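Going down the list, the protein sequences come from chains A and B. Just so we're aligned: the first sequence equals residues 5 to 268 in the numbering used here. Just so we're aligned: the second sequence equals residues 10 to 349 in the numbering used here.
None of these hints come from the bench; they were simulated from the model. Among these hints, one or two may not hold up.
[Said to hold, decoys possible] If you want a taste of the chain B side facing chain A, the calculated C-beta under 8 Å gives, among others: (1) 108; (2) 199; (3) 201.
[Said to hold, decoys possible] Distance ranges between label pairs, derived from CB positions: (4) 16/B - 187/A: 40 to 46 Å; (5) 32/B - 139/A: 46 to 52 Å; (6) 308/B - 123/A: 18 to 24 Å; (7) 74/A - 136/B: 53 to 59 Å; (8) 320/B - 187/A: 36 to 42 Å.
Fair warning: this is a prediction, and the values are worked out from it, not measured in the lab. Glycine residues also receive a C-beta, built at the ideal position from the N, C-alpha and C atoms.
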Amino acid sequence: MSASEKYLLQAKDVTVRFGGLTAVDAVSMNIAAGELVGIMGPNGAGKTTFFNAISGVTPLTSGQLKVDGRSLTGALPHQFAKRGLARTFQTPRVFSDLPVSENIRFGLMFAGRRPRKYVFWGEEKGVPWALRDTASILSVIGLSELADLPAGAITPSQQRVLEIGMALSTRPRILLLDEVAAGLTEIEVEEMARLIRRLRDELDLSVIWIEHAVKVLLKHVERVIVLNQGKMIADGKPSDVVRNKEVIEAYLGDEMVNDSEGLT
Amino acid sequence: MNTNANLWRDVLVLFGLTGWALALPSYGNEFVVSMALTCLMYVALSTSWGFFCGSSRYLSLATSAFFGLGAYTTAMNLDTMPWANAIALGSGIAAAVAVVMGLAVLHLRGTYFAVLTFGMAELIRHAISYYEKSVHGTVGRVLTTVPEMSTIYHTVLLLAVITVALSIFLRRTRFGLALLGIGGDEQRAQTLGVNTRWVKVAGFAFTAAVAGGVGAAMAVRWTYIDPHTAFNPFIGFQTVLIALIGGAMTLWGPLIAAIVFSILAETLRLQAPQIYMMTLGLLLILSVLYLPGGLASMRWQTFKDWYLDMRQWYKDTKYILSGDKARDKQRAKERRIVGL
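Make the full structure from the sequences, and use the hints.
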């Protein structure tokens, strides 16, 4: 297996400029299958813009993107979704008029659609058991009881979970999570982290997770990437990154080093 | 939207209505038939408008342009072409123009899209005027070979039935779901795998094809055609109004509103045209304020809610006007109760 085939997502020198502002400055990263990667950085560091760039929502100014070995530079978001890259948004963007179950069915009807056993009927081929239909996805994320409610009527924290469910409904291989734990209580954050790890373990997804709750993030991921002012300033194991001088200066402050006992 | 819920109900209702409309010319007089014809025209126009613009929330004001294109196609080709071909050609040309127009303007949203479609409609109207003046020397055209009234009626009826049937069917497919997703949150739909550009252009072309076909069939009603009547913006506006008042998101809303409107139009317009226009405006205001889902969203519960609201309002007003409120306030002040 050559080096380029090993990686599910390859971003090379990704740059996004808005007029004179360089939001993302030549960021390169390779994500292997089954990796759980965290991205952190101060406000305005370009984390979300980087997500928008690697999911096709914002066009690249320069750089290359490859998903699953195929170049998707300049492609539209639906092409990314078809190649198995799913994302959530920072503020939940569910279809609030549709019921929760319809929100899940939507992805299954488009990017998540797979050929069926007998062309028009029979079960779909090559689908993970946990993601076989709307009901199973709802039970994975734990919203089965809310299936018939309009998505606008459930609480914001449930909408965040539903966002993840909608991303899962495209039957992805890479999952981009944009601050899914923002505004949740401590217990809910912990539950969310456990859900994310479970998805990675059970469905063998590569997960990239942006989060401001640094402690939770560092506790659960195996690799952290730190962005500051559009540039990547660190990439490594959590225990190394918290000791990185540049990261401490830009983002963490001193006390994180002392708290970092027991990190991988 | 459940995939097959109410499918049979909708199909049967359409079947019944079709039979009724088919039988109408044999017992109605000429006046009733011409009223029904206008009604069917608006059923087709606003159902197709509601199918695309209602669910995707792209407010298009270009209906009159497509209608006029269809009408002009008939006017130019009816002498050399069979009736059915002329109509197919009219709807095809309108759809082709819609594809080009859609590729150019469908990335805009909201007000910009609405204004731009209206501008494009005006552009097409003036382009046709210019073409007629410079190539043929006159602006108007007299239609010499006009088919019988019953042919026109059946053609428009067929177009309306096809439109409603397609609307019933397409709402339950991936295409309908994609339009609904675009209306909900376009970017989200895109990241879930919808090729929004293609879906929008296809939906817009569907609306245009129906408008073109209807325009082609209705052109012969006038016998004399000029750009001013064929591209009358009023047709486009009335289509939008009917769809909005009936409930643009719903299947039957535009149809119900079209029936109500054509009855209103025929009864009021002859006696007092101004009152008709005022009624239109008043109905739109009332439906936006009190029935945002349109006529089709009315249920018994709506009336009950109105009744309860009225009663509450009556109680509150009585409480204020009788002086009880002021008296209660005064008492609360004396007893130093804060916040009453």
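Outcome of the hint check:
For residue 108/B, the shortest C-beta to C-beta distance to chain A is roughly 19 Å, which exceeds 8 Å, and the interface hint is violated. Using the Cβ-Cβ criterion of 8 Å, the hint placing residue 199/B at the interface with chain A is satisfied: the shortest such distance is roughly 4 Å. Hint on residue 201/B holds. Least Cβ distance to chain A is approximately 5 Å, under the 8 Å limit. One distance hint, 40 to 46 Å for the beta-carbon pair residue 16/B and residue 187/A, holds here, with the actual separation near 41 Å.
One distance hint, 46 to 52 Å for the beta-carbon pair residue 32/B and residue 139/A, holds here, with the actual separation near 47 Å. Distance hint check: the CB atoms of residue 308/B and residue 123/A are about 41 Å apart, inconsistent with the given range 18 to 24 Å. Distance hint check: the CB atoms of residue 74/A and residue 136/B are about 44 Å apart, inconsistent with the given range 53 to 59 Å. Taken as a hint, the range 36 to 42 Å holds for the pair residue 320/B and residue 187/A, whose Cβ atoms sit roughly 41 Å apart.
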